[in-house]
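Taking the hints into account, I'd like the entire structure generated from these sequences.
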Amino acid sequence: MTQPSTRRAGTFLIGGTEAHTSRSLPALLLPITAVGALLALVPLWLGDSRVLMGVAVLGLAFICYAIGFNVIFGSTGQLFLCVGALAGVGGFGATVLADNVGLPILPSILIASLAATLIGGLLSYVAVQRSLGVIFTGIVTLIFSLSFDALLLGLSNLTGGDTGRLINSGTDTFLRERVPPYYLMLALVLAFLLIHGLLRRSHIGWAFRALRDDEIAAELAGIDVARYRVYGALIGAAMLGLAGSTYAFTEGRISPTTFGFGHVDVVVIVMLAFGGIGTLLGPIIGAVTFTIVDEILIDFGQLRQVAYGILVIVLFLWMPRGLIPSAASLWRRVRRRVLARS
Amino acid sequence: MLEVSGLSAGYQGNDVVHDVAFHVDQGEAVMIIGSNGAGKTTLFQTLCGLLSPSSGKVLFEENDITGLPAEQIARLGMRFVSAARHLFPRMTVEEHLLLGAYPYKPDPETMSIVLDLFPRLAERRRQRAGTMSGGEQQMLAVGRALMSKPRLLVLDEPSTGLAPLLARAAYEALAVLRERGLTVLVTEQQVPLAIAYSDRGYVLENGFIRLEGTTEQLAANPAVRSAYLGVT
Amino acid sequence: MIANLLDGIVLGLQFGLLATGLTLIYGLGGVLNLGYGQIAVTSAITVALAMDAGIPVLPAVVLGLLAGGLFGLLLDLTILRPVYRLRGEARVLLSLLLTLGVSFIIDGYLNWRYPLKALNLYIGGGAIEILGVLMRRGSLLASAITLVTITGLFVFFRSTSLGRAIRSVIEDEAGARLIGIDPKQMLRLILVFSGVLAALVAVTRSMITPVDTTTGLSITVFALIVTVVGGLGNVVGALLAGIILGIVNVVAADLIGSYISLIILLVAAAVTILIRPAGLLGVKE
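Protein chains in written order, with my numbering: chain A, 5 to 346; chain B, 17 to 248; chain C, 13 to 297.
These aren't lab readings, by the way, just hints derived from the structure by calculation. Worth double-checking, as some hints may not be accurate.
Stated by the list, open to error - Which bits of chain A does chain C cover? Going by a derived footprint, with three or more residues having C-beta under 8 angstroms, they are:
no.: 1; stretch: 125-136
no.: 2; stretch: 145-155
no.: 3; stretch: 309-320
As the list claims (entries may be wrong) - Here are the simulated DSS-like pairs of lysine-lysine, each with C-alpha atoms no more than 27 angstroms apart in a straight line:
no.: 4; chain 1: B; residue 1: Lys-73; chain 2: C; residue 2: Lys-196
no.: 5; chain 1: C; residue 1: Lys-196; chain 2: B; residue 2: Lys-165
no.: 6; chain 1: B; residue 1: Lys-121; chain 2: C; residue 2: Lys-196
All C-beta atoms, glycine included, are put in the ideal place defined by N, C-alpha and C.
So this is what it looks like as structure tokens:
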């Protein structure tokens, strides 16, 4: 690991920034553009079915959630089991602001996302202050998740309780049409990918990697671990809030299950376990695969959950870095052996 | 009784103890002395089964026990008292002694022998181990080990954390037990104390056994005298 | 008010017994079993199915208890093998993820195969008066069984050599090994035991309200809350926390609302983690 530096963290880090960003900007933009182009084609073949487009939009929302979780957990190692809840703060917050308080849609989305951001930052701050390990951070955020869920059910006049509510704002806009919401969510996906990619290449990303791999060494190297953890949480939570609130308006209705732990967090974890936690494209691969498989297996109903349970066990036992990264490294090893022989 | 040959052990691939060989015969009191960092505790951990050796052989009463885990070794007639003592903080003295005989029923006769040997323990029968002083904890650790009527007792640095008077008292207790037929092996940093109570010994330095002999021989050895007995 | 208090104690005793199983597994093996609630539900459904097949109540209940124990044993023999190769935080994390996977499998299967199945051991007959309050027979029987079990637990851990041996592993694993106690064997026993406990709590709960295939997750959550507040690994703490939280739950639900009372319980657990992570009676490390 790096030697403890006597220079201040700032000077240490500046050198890395220039070297990285200018060189790899094209390397970052290329995959993102490719993904964007591929995903942009989806409406061409699903565009006629409202149901299937709805599934596609939800799939994109999940990509956003997965990127958010990736930033928080993949980058800074904080196990936030409240992905759905933070997205829900965005979703329900924006709904209440738009429908009940009467604000226009855009400010509603922004304010609700801000709320989610602050809550995420607060959770991270508290966890850092009390030096909570991964497990306790997970439990505390799970408690937030479950409490938020109970709150939604309790405030039934605002939230519609168990059955949820309709969202009147945005009914006559492009938000409720079949195809435009897809491109709106796709824009969010690409924006988030870009942000995540830039983050990884920046000095913040360097700090993230350092503190995730060896916290003590990072502290010795002058990285304020606490501050970077909170940064990671703020960025990730902002993504979640934004995605949740935007998605809510495209759907037209929300209920506690839209953002529930069992429906969002669990699925996001499975998606990332598959696609690779901490990687740039992991969320895309995981979310797309999962969405497709889930749709194909829809007739099996609850039995799908059995499959996901088996998947979780297999993934975390044998491929904790994700199916794709593990397959990739396996492929590399095979190739090396073949090349060595010839 | 105990025969060790070619024993090497360490942590995460790095050996701390190298090619150690020694033996303990029935009825003897054997010491393994060395300074801090010589590898005494690593050796102890390997013997008692908390650590797996990387190579070598350990025979106890002709049976090969190399690499067996601690819980199995403890049932063979050998008991270990580690420097860390490993007591059960919230359990009482009485519970410790009852447990010492596990899985057999505690023998009341053995219990009274132990309590006679350590009257302080008898006074504190219902006291929790976590609230006892260093000396009392040491007594309890030894007492617990004795409850299973071991034939060989192995102690790692029994003088650790004890005032000189208490350390001597510990060794005197061991001497009493020897008279009753117990075989004893100690690793020790406080060399004069160990020499006074042992028959034979080995010198461990940087993980290797450098010298061996009777305590008279070792005490007369100039290298030992200068390094461990403070004689120039 | 007295009625609420008594109801709270009834619920609290069950919370406590439930949490005992979970906290023992953690204290002994450093493992967090998130499939705990599913063990309870599976056992309950087993009893229900047995009764459907014509087996009388008592043998059916015994079958359910055996199912719980068997489940625990299976966990130890299969999923937890790789977990045991790790230590400390990595072990807890992996056990958490793998048992979560197990809970999905069970939850999915039960809800798919027996969608509306529930165990309902409602005890008929009039209510009995205790301290001026009318209590249902079901509540009384459930509490009596729970109290007897708790007493049995205390006797077991205090006065039997096996109970002491198990406690010693929780206190100091190396120390236990040095006196010939095999921690893996003890853990296996505790896993079977906690499975039986989970089953017992599910069965007694069904004497008060039906236990169905969807309650698995909430049972796990409640067990986790009580375990955390009582201190991970602390049995007396779990029982004490159970009673306190049971009373809080009933009183709050009555005064404010059931959702708020759940939030209060959740917040209590969060506050414990933040302020006194060792729990009510936990030993500070």
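Hint by hint, here is what the structure shows:
As drawn, the stretch 125-136 of chain A meets chain C at 3 residues by the rule of a beta-carbon pair under 8 angstroms; at three or more, the given contact holds. With a cut-off of 8 angstroms between beta carbons, the stretch 145-155 of chain A has 6 residues touching chain C; three or more are needed, and the interface restraint holds. For the stretch 309-320 of chain A, the stated coverage by chain C is satisfied: 10 residues place a CB nearer than 8 angstroms to a CB of that chain, which reaches the threshold of 3. Taking the CA atoms of B/Lys-73 and C/Lys-196, the gap is near 26 angstroms; set against the 27 angstroms cutoff, the hint holds.
A hinted pair counts as satisfied when its Cα atoms are at most 27 angstroms apart, and C/Lys-196 with B/Lys-165 qualifies at roughly 25 angstroms. A C-alpha spacing of about 22 angstroms is found between B/Lys-121 and C/Lys-196, which places the hinted pair at or below 27 angstroms, so the restraint holds.
When each numbered hint is compared with the structure, no violation occurs for any of them.
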